[in-house]
Amino acid sequence: MTGEHRIPASRDAVWEALNDPEVLKACIPGCDALEMTGENTMRADMTAKVGPVKSRFKVNITIENQKPPESYTLSGEGQGGAAGFAKGGADVSLTEDGGETVLKYTANMQIGGKLAQVGSRLVQGTANKLAGNFFTSFADHLQT
Amino acid sequence: MNEMLDTGIGAAVRRREDNRFLQGIGNYTDDIVLPGQTHAHIVRSPHAHASIVGIDKAAAEKIEGVVAILTAEDFADYGGLPCGWQVNGKNDEPMKEPKHPILAEGRVRHVGDPVVVVIAETADIARDASEKVSVSYKELPSAILVDDAVGAGAAAVHEEAPGNVCYDWELGDKAVVDAAFKGAAHVARLELVNNRLIPNAMEPRAAIGDFNRGTGDHSLYTTSQNPHVIRLLMGAFVLNIPEHKLRVYAPDVGGGFGSKIYHYAEEAIVTVAAAKLARPVKWVADRSESFISDAHGRDHVTTVELALDKDGNFLGLRETTLANMGAYLSTFAPAVPTYLHGTLLAGNYVTPVIYCNVKAVFTNTVPVDAYRGAGRPEATYLLERIIDIAAHDLKMDPAELRRRNFIKPDQFPYDTPVALTYDIGDYEATLDQAMQASDYAGYAARKAESAKNGKLRGRGLISYIEACGIAPSNVAGALGARAGLYEAATIRVNPTGSVSVLTGSHAHGQGHETTFAQVVSDMLGISYDSVDVIHGDTDKIPFGMGTYGSRSIAVGGAAIVGAVDKIINKGRRIAAHLMEASEADVVFENGEFKVMGTDKQVGFGDVALTAYVPHNYPLETLEPGLEETAFYDPKNFTYPAGCHICEVEIDPETGVVEIASFTAADDFGRIINPMVVEGQVHGGLVQGIGQALLEGCVYDDNGQLLTGSFMDYCMPRADDFPNFVVSTNVTECTHNPLGVKGCGEAGAIGSPPAVVSAICDALSEYGVTHFDMPATPSKVWSLIHGGKKAA
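Respectively, the protein sequence lines represent chains A and B. Each residue of the first sequence is one higher than the one before, starting from 247 at the first, in the working numbering. Each residue of the second sequence is one higher than the one before, starting from 11 at the first, in the working numbering.
I should point out that these hints are in silico values taken from the structure, not numbers from a laboratory. On a predicted model such as this, the values are computed, not experimentally measured, just so you know. Glycine included, every Cβ here is placed at the ideal spot set by N, Cα and C. Don't take every hint at face value.
As the list claims (entries may be wrong) - In the BS3-like style, the derived pairs of lysine-lysine whose C-alpha atoms are separated by at most 25 Å in a straight line are:
#1 A/Lys271 / A/Lys375
#2 A/Lys300 / B/Lys148
#3 A/Lys300 / B/Lys72
#4 A/Lys333 / B/Lys142
#5 A/Lys333 / B/Lys72
Said to hold, decoys possible - Quick look at which bits of chain B chain A covers, simulated, 3 or more residues with Cβ under 8 Å:
#6 298 to 307
#7 383 to 396
#8 716 to 730
This is chain A alone, in the form it adopts within the complex (with noise of 0.2 Å):
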């Protein structure tokens, strides 16, 4: 799963939000919580639903290979109880263009449990949906 977005602000600032948990809770979508739980290490909990599964998730995110302001590596796993589970991790890289920032991501996610079980070949939609909302957020975020 790649992507691609373009968002009107400088690179520095892109990146400072990035590694803001207070801009990622409120961008994500259905995130309820964020915090740093170390220097590289974030703890979220997260409202996700995937065709008939909804359920929270207590999401570990780990980044790794930083090179500010240009890139990261996220990695991330989250457990849904009785739903299951997600994982997964995504390569985030920041180039300039002009005075704005093009975004680019590179992500793969697993999932298991009744999640897999009912809803693996949504999860592909559910992912984009996701991604979508939340380079929205984060593009209007920067702006205002």
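Chain A is already provided as a structure; the job is to place chain B on it using the hints.
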């Protein structure tokens, strides 16, 4: 057939059980509500293979209405779920039989493996509380497909099974078979997959445990095909409850197809929990849970070779198969790819030498066990496919190649090279009957008509044989069965002449309540309506081995006949007394005891009343009452056989396959109720054609079940089928009293190769000779567009 009755043997009596099934007034396990009952929900593994790092139940325990939360520790005193059949491999090496715990002990081995049980006042609370149970796992590498699981470096499902091999079994002399191949004019070879299936009985599994503190009696209500077997397995091997303190009751059961033979963890869970809590505990699977907890079927990866001489006579057959056992050995799993499969490889044919090698393989998937046909569909499929390949290679007519190699009627009893002795059959008769019924000669015109409509038409013809009514107990025991395979019946003649038939053959859609009543009313010459059939309750039925392998009429029916014979014998003694005649002169005909050569007679009802009101009765030599029990142990398998012909029409634009016609000519021996038989054939055909066209269980590389709901697992529906053309040809079984063979599985055994053969025939111009089921539109479209003509 008793000439007085139009409801006797051979009559198409409507199924009496449909009265309640069709009106929604049956009594299924979930319909049973016990006072004070609690509800269990099971937290299952979301991982194919993982260590359990921790289980946190604190949050769930705080929820109001939660009664108990149980983990493996609560079952530490009990055994694992037993396997009912031991298969020894080469050099008599016993199969690997790792423990199958009731709840996962520190490690989960398939998605759906039960880990925690939450018991609450309502089903909703139990489900909600389950969400609050937090199980943390450390994922382990998994082995999912059989060929991967036996490969180098594969993850180990069980440490005690190196290379994930449960057993490496063989049948036949490989050197002799190899020699036959060396001298062959032609060898046909094929690699194939028999696709994994998910049974999906209409009623999901359910169980209720109950415990009487006053008496110490346990009760289990369960969706089982064989309540006595569950009582034996769970009582003796798992929970250590003696038979007289454990009642197992399987009320109305909505289909099983094999998946409800086995002893499942949930049955032990509710029985133990009910005793712990001193309250009834009910568990009902939802459909999603059924997909990941009911034993799956098939899943063989096979290479088969057939050696022929220049005239097309079979010289030898060789097969090697990897059979998926899943994560644990289900109750009868080891027998399915061996004694129910390798022994069927002679099919309907004279093949002098046969060698079969089966490796059973553990994987991180749901356990695999018998499913409608159980080993025999896999044998029939590979045999009929390789015969088609040989016919194609040798440019011979597929029907003629089969006819040439058939065992002929004068060759019976026929000893196959794979351990069985067929007692009787006439394979050419069913072949001819099916060809005629399908208008074989008119095919060219139909193909031309299809072509005119832009459709590709194809035809497939197969013959099948199956071994039903398993089997003499001593033979089964020598082959590793850990139980006997007889059946029991009691005939209770009530004082006013009505009859209760207590049978160990459980019914879950087969229509026993109708057919068994026909047999008894016919034999006793009494009205069909005065005979009731009772089954499913270990407290009522003397004993029983249950319903599977098309054994009910052949084995259960024979036990009923044995008990009726005893009733008639005792009745003759009573009648002789009443008529002051010599017992030797009394005959029983059409419901009357008669003194030969006189007009003296006494009715069955009068004899029954006399037995219970013995005022004028030979009390010094005969006990009062009229109730008899018989056990029947079969002398051999029965061998239903037949011919299936399928015609398909394929839309080359979409790849959609339509079954244009399907003809089945079957020899089930004597027919008790032709309407019930036709229904059984229809059901079998639908399941077999479902396997060929629609159904396929798919796991992803990580062992997640992708076909885990009806959105992704395609079940057959009525509009997928034409009207079937079904007929029977009878050669009566020689070794059971009714001359019957059984009809429950035949449809599912013969139809998959018939459908695949027809599709290959339709696609012959594209160079297609084989493909692996199911024939989904995308697969068929790809065969067309990847084929020679398109290129």
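Practice problem: Go through the numbered hints given earlier and state which of them the structure violates, listing their numbers in rising order. | Solution: 5 and 7
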